[in-house]
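S.K.: Be aware that the sequence shown starts at 1, since it is given in UniProt numbering, and climbs by one per residue.
None of these hints come from the bench; they were simulated from the model. Some clues are possibly wrong.
[What the hints assert, rightly or not] Now the in silico label distances, taken between C-beta atoms and shown as ranges:
1. K259 to D179: 17 to 25 Å
2. K221 to G160: 21 to 29 Å
3. Y263 to P206: 27 to 35 Å
4. V49 to S252: 20 to 28 Å
5. E110 to E219: 14 to 22 Å
6. N200 to G226: 15 to 23 Å
7. K130 to T91: 46 to 54 Å
8. V49 to G226: 33 to 41 Å
[Said to hold, decoys possible] Listed below are the simulated DSBU-like cross-link pairs for lysine-lysine, each with C-alpha atoms no more than 30 Å apart in a straight line:
9. K152 to K239
10. K221 to K239
11. K128 to K239
12. K75 to K128
13. K212 to K75
Where is the CB? At the ideal position from N, CA and C, for every residue including glycine.
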Amino acid sequence: MPIKSNGSEAAAVRRQTYSFVDLDDCLFNSKRKLSEKGGVTSDHQPASVDRTGEHHSFRSPAQMDVLAALQAIGKVIVVTGRSMSALQRVTTTLNAEYSIGSFGGFILDEQCRFIEDWSARTEAEASKYKEHLDVLVDDLKRVATAGHYDLKVQVIWDIGQPLYICVRHNSYDTVELADFARRFKWMLPRNWHLYLNDNNLGFLPPYLGKDKAVSWLWEHKLRDVGLTLGMGDSLSDLKFIGLCDFAIFPTSHSQNFSKIQEYHQ
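Using the sequences provided together with the hints, build the complete structure.
M.R.: Below you can see the structure in the form of structure tokens.
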């Protein structure tokens with residue numbers, strides 16, 4: 001369901017602004033990516049830690065300001081591909097009304113409690129596609145080995161469910177990973193979704209998607225929706241961003257902004 005504001009409704013109804021915001025490369029960047037543009041400076045603040053507790057991501061003054069601005073004008077809803085454990089490693093105070101994680105696999109409320117209705121849907125759908133995931137991951141491993149691609153191919157489990165397939169290059173060769181995606185995207189089953197961003201290649205079953213979770217949240221939980229803003233860096237974010245009134249893209253480490261630049265060159 002499109003999340004579009006309707007200016008014709010009575011002004012007496014106080015309408016709420018909602019900002020649907022991706023995290024990585026929007027509100028903060030990893031230390032590795034920051035190293036490509038001068039590295040972490042004294043102006044940056046830690047934003048997340050890795051599995052060992054070491055600082056992994058940092059936010060710039062501009063990223064701090066944009067979050068503060070969005071919080072000042074309305075409610076922030078996190079929309080991320082991060083797993084539950086990775087989301088828990090975010091140290092930035094988000095004050096999110098809701099948090100969507102694992103590409104729409106789960107939704108948390110303001111107190112970080114699972115929205116049970118959505119979790120039940122995920123569990124039911126994941127059980128239908130488990131065998132498909134197992135078969136596809138074996139096929140992808142086979143063609144990767146035959147083609148001498150140095151890849152890690154695995155089914156990603158989160159919240160106790162097998163959700164999707166993630167492919168990463170073991171030496172962080174994003175060019176080779178993109179070549180693998182181009183050559184073997186035909187293996188994607190009908191109605192499944194493929195995303196590629198940096199060193200992450202995902203094969204998502206039809207029920208899974210950030211946009212699907214955003215649409216469900218809009219229909220079942222949000223009230224008096226007014227202006228809606230969508231922020232994301234990846235092409236895979238465009239579906240949920242397209243549900244909103246306005247789109248916001250970062251200009252650094254952003255697939256979306258890079259595509260716009262390519263178009264105008």
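S.K.: Would you mind confirming whether the straight-line C-alpha gap from K212 to K75 stays at or under 30 Å?
M.R.: holds, 19 Å
S.K.: Given the hint that K128 pairs with K239, does the C-alpha gap stay at or below 30 Å?
M.R.: It holds: about 24 Å lies between the C-alpha atoms, which stays within 30 Å.
S.K.: Does K239 sit within 30 Å of K152, going by the straight-line distance between their CA atoms?
M.R.: holds, 27 Å
S.K.: Starting from the hint 46 to 54 Å, judge whether the C-beta atoms of K130 and T91 obey it.
M.R.: About 34 Å separates the Cβ atoms of K130 and T91, which means 46 to 54 Å is violated.
S.K.: Given the hinted pair K75 and K128, is their alpha-carbon gap at most 30 Å?
M.R.: violated, 34 Å
S.K.: Regarding K259 and D179, is the given constraint of 17 to 25 Å on their beta-carbon distance met?
M.R.: holds, 19 Å
S.K.: Should the hint that V49 and S252 are 20 to 28 Å apart at their CB atoms be regarded as holding?
M.R.: holds, 22 Å
S.K.: With the threshold set at 30 Å, check whether the alpha-carbon distance from K221 to K239 stays at or below it.
M.R.: The given pair, whose Cα atoms are some 20 Å apart, holds under the 30 Å limit.
S.K.: For the range 15 to 23 Å, tell me whether the beta carbons of N200 and G226 fit it or not.
M.R.: Taking Cβ atoms as reference, N200 and G226 lie about 34 Å apart, which means the hint is violated.
S.K.: Between K221 and G160, does the beta-carbon spacing fit 21 to 29 Å?
M.R.: Once the Cβ atoms are compared, 23 Å apart, the range 21 to 29 Å for G160 and K221 holds.
S.K.: Taking 27 to 35 Å as the hint, is the beta-carbon distance of Y263 and P206 inside that range?
M.R.: The hint (27 to 35 Å, Cβ to Cβ) holds, given that Y263 and P206 are roughly 29 Å apart.
S.K.: A range of 33 to 41 Å was offered for this pair. Does it hold for the Cβ distance of V49 and G226?
M.R.: For V49 and G226 the Cβ distance comes to about 35 Å; the hint holds.
Taken one by one, the earlier hints fail for this structure at numbers 6, 7 and 12, listed in ascending order.
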